[in-house]
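Visitor: Each chain, letter by letter, is given below.
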Amino acid sequence: MTADSTPALVRQADADTDGPAPAGPPAGRGPRARNTKAYLKYVAAKIVGAAVSLFAVLVTSFFLFRLIPSDPVKQMTGGRPVSAQQLDSLRHQFGLDQPMWQQFTSYVGDALTGDFGTSFQFHAPVMDKITEALPATLLLTGTAYLLYSALGIWLGTRTAWRNGSMSDRFNTALALTLYSVPSFWLGLLLIIVFSVGIGPIPGMFPTGGLESGTETGFAYVLDVAHHMVLPVITLVAVGYAQTLLVMRSSLLDEMGSDYLTTARAKGLRDDTVRRKHAVPNAMLPAFTLMFVNLGQVVAGQILVETVFSWPGLGGLFYQGLSVPDLPLVQGLFFVFATAVILANTLADVLYPLLDPRVGR
Amino acid sequence: MVERVPPHAAQPRSRLRILLASGAAALGLAAASVVPGVPLGAAAPQQAQAADSGRTTLTVAVAQSVDSLSPFLAQKLLSTSVSRLMYDFLTNYDAKDNHAIPGLATKWEPSADKLTWTYTIRSNSKWSDGQQATAEDAAWTFNKLMTDEGAAQANGNFVTNFKKVTAPSPTKLVIELKEPQATMAALDVPIVPKHVWEKVGDFSKFNNDTKFPIVGNGPFILSDYKVDQYVKLTANKDFWRGSPKFDEVVFKTYKDQDAAVAALRKGEVSFVAGSPALTPAQAASLKGEKNVKVNEGPGRRFFALATNPGAQTKDGKKFGNGNKALLDQKVRQALFLSIDRKTIIDKVFQGHAVEGQGYIPPRFSAYYWQPSGSQSLAYDPAKAAQLLDQAGYRLKGDQRVGKDGKPLDLRILCHATDPNDKAIGKYLKEWWGKLGIGLKVDCLDDVSVPWYAGEYDLAFDGWSVNPDPDFVLGIHTCAALPTKAKASASTDNFICDKTYDDLYKKQLAEYDPAKRADIVKQMQSWMYDSGYMNVIAYPNAVEAYRTDQIKSITTMPEAAGNIYGQDGYWSWWSAVPAGSGGDADSDSGSGSTGVVIGIVVVVVVLAGGGFLVMRRRRTTSDDRE
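The listed protein sequences correspond, in order, to chains A and B. Residue numbering for the first sequence follows UniProt numbering, starting at 1 and increasing by one per position. Residue numbering for the second sequence follows UniProt numbering, starting at 1 and increasing by one per position.
Chain A with its partners taken away, still in its complex shape:
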């Protein structure tokens, strides 16, 4: 998140040393003056709502993946010489021979204690598999998230402020084009151009993976960064457009406001008007979008992780679905949903601090 989108952005109207407070919204009282009790009640309601949502996710995840018409045991052993006794034994070990209600109650009971069972195909606790793959996903999508959010806000502000100019038209068209490009296709294209190399362009980046497997120490860090370049570029290229467009449209709405005219009439520099008056108020929709996207950072990007063979959660989820490895997909679904719910709850909790009209 950029410095401009911190809670200080509302307070700064009072603290503005360049001139008197702007006339524009929000017109409510500042956070310090808020009724703390009402705010805490609001926060408590949001937390309770999140807890209810999480429980609903827990229950639905059990039934959702059982709708997939498949026999996990047969899928896993597919093509191998396996006797009928072995199939029965595996089914028994996985608990698939138990009645559905029994499977459900033990699943919910275990899940409430943080135990999502043992993966059918990897013979390891689901939470171990998730914690194993989570750092790779956070590193990739987290880096991309920071970059595309910053780039989107910056370019969105720039294009709106220069609305109608050549650079506005170019940037908006480019963003819309990249936004429409399938990420796996762009990833493959980048591999062909920058990994394999075309014409005078040398192959400078690895075709996939998180590391070469040969480096240690600081060289390892550089090696991982080297492997991150193309997947991050892919994610940023297809991801920044959304923030750009939201920021642009939000700022364009603000740009017609009287308080900006007033600010300009006071003789403030154009940059000050934009940076200290227009952008803070235009940030709210972009802020919401950033929190929505933040929740999705954990889920990773299945297609990009696949194209670049990134060992993250997206790829793990795909492998889980192909069996289906019920404990694994249930656990992953719950973790993904939890991340989104937590990010949304966090946004809900922070929003009244940014926009006093909310939560009153």
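Heads up, a few of these hints could be off.
[Stated by the list, open to error] Taking CB as the label site, the calculated pair distances span:
| # | chain 1 | residue 1 | chain 2 | residue 2 | range |
| --- | --- | --- | --- | --- | --- |
| 1 | B | N124 | A | L64 | 50 to 58 Å |
| 2 | B | G392 | A | G95 | 23 to 31 Å |
| 3 | B | P280 | A | L64 | 31 to 39 Å |
| 4 | A | P99 | B | Q329 | 40 to 48 Å |
| 5 | A | T105 | B | K347 | 48 to 56 Å |
| 6 | A | H92 | B | S365 | 22 to 30 Å |
| 7 | A | P69 | B | H99 | 35 to 43 Å |
| 8 | A | M100 | B | I475 | 24 to 32 Å |
| 9 | A | S180 | B | K96 | 33 to 41 Å |
| 10 | A | T105 | B | T210 | 27 to 35 Å |
Treat the hints as calculated values from the structure; they're not laboratory data. Even glycine gets a Cβ: it sits at the ideal position worked out from N, Cα and C.
Starting from the structure of chain A, add chain B where the hints point.
Guide: Chain B only, in chain A's frame:
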């Protein structure tokens, strides 16, 4: 009045901060590509390592993840292939013709009553921790499979007919059977070191992936593993058959096949196989590539059309809704007679397959069977129409109508993920349509549910065949039928026939290889005539490797066979590294470093220059205000 703020040159400080931050991030990422020590261009681990230590590494691109490194749990092809490299088996298969040859056992023989097999265990095989591999290790491994349900997950099927396994001496292993079993030289069970594995508590949860190197006695020792990234194996210099020529084999995960092909083109990997084959487009694109050899060998799979012969349980209870018309052998044969297999090979497989006939693919020459001239059901739509007429399905307008007045409409199960199924489905629709048969192609992500429920008429079917055909023959016996309706079972498509079952039992009890092969051929002949399983094609194994990294490699069968997924360790054990200083290095590796550094320097200079100009313009603009 709303007044739009005019576009204006933006202002320095905030943008400067963002610009600097973005620039730093971008440069940081880019810089990583030009830092010494980080390989560029042909950044193959092999070459990187070769430069460091002179070691030779063969890198294989694989699409699968490892499910487990425990040979008691591993199910996937990659994991079982790795087990083959880590642990020796009692026997191996000859690369030339798949016949059983010595492995950990130097010889094996049955008793006169056919119920006891005695194996002589070699005395020159050592575990990588220095201990001797003995018959005791083999006996312990088999006993574990027989007594521990958790340990029997992957290979339990091999011991179901075992009565007792003992090791009277370090070089003698005795296996007593309940019934005679001809597959005793095809026990594909990795033998593990007892002194290491007896410390394992719960076999169903032990994945053998925590302490490296892992003690083994195969041609390679597993030295490192990172989930979903790579499996590293180093050459076992003390391997009794001789040390592998490459110092290291790395199986590197590429989840996307096109990315794997790009990695081969770049030289980042030495070998790429498809899953199960490279697509015709991938193979074609690699064919003209410098330093790349596309290898195409006879595949071990067959692609067939299966008919529903009437789903039933073991005790004869019928279920499912297969079309009754298919219970007539004439109808089944008519369907096969109207399939132009040559067109399917040319158009769908684009030449990367061989026309199907018998049930066992031709690469298994001992068991390969072809129909005689009079028996052959070659493409003949006129004869097909004749057979349908004889079966009572006459043409009424443009439709075949049965005696009950209902048109002959069929359904076929197709795998939605297999483009071949879909393409062939379209051809069948056209060919059978001309005969007056309606066809609905049901493409599903997972066909197993309607299949087990017997709710299909026809299905696209295919199996990978092992050197010993017992398993793929066994899935058509009455014993493989489900005990309950709709429950999954070992059966492939509910075939249950006394003639076939008698032949199956006979071949399993026949210890003379030639006589056994003859019985297996009789079974194929019966299956062909029945029309239950119509083999359309044997798809080829299409794969590619870099000739500047691999000088030579053994295929299986040795004359024009495949490399990946062999029965045995021949390919990776035999691979000879190409001479050092291969073209890949000089082509795009070190040579590109200077180019990249140059590009980065130019970009930095241009960006810096642009930034100064913009800053100057803005300052002027602000001053004007």
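Visitor: If a hint holds in the structure, say so; if it does not, say that too.
Guide: Outcome of the hint check:
1. N124/B x L64/A: 50 to 58 Å: For L64/A against N124/B, whose Cβ atoms are near 56 Å apart, the range 50 to 58 Å holds.
2. G392/B x G95/A: 23 to 31 Å: violated (50 Å)
3. P280/B x L64/A: 31 to 39 Å: holds (37 Å)
4. P99/A x Q329/B: 40 to 48 Å: holds (42 Å)
5. T105/A x K347/B: 48 to 56 Å: Taking Cβ atoms as reference, T105/A and K347/B lie about 54 Å apart, which means the hint holds.
6. H92/A x S365/B: 22 to 30 Å: Distance hint for H92/A, S365/B is violated at roughly 41 Å.
7. P69/A x H99/B: 35 to 43 Å: Holds, at about 42 Å.
8. M100/A x I475/B: 24 to 32 Å: The hint (24 to 32 Å, Cβ to Cβ) holds, given that M100/A and I475/B are roughly 29 Å apart.
9. S180/A x K96/B: 33 to 41 Å: With Cβ atoms ~55 Å apart, the hint is violated.
10. T105/A x T210/B: 27 to 35 Å: holds (33 Å)
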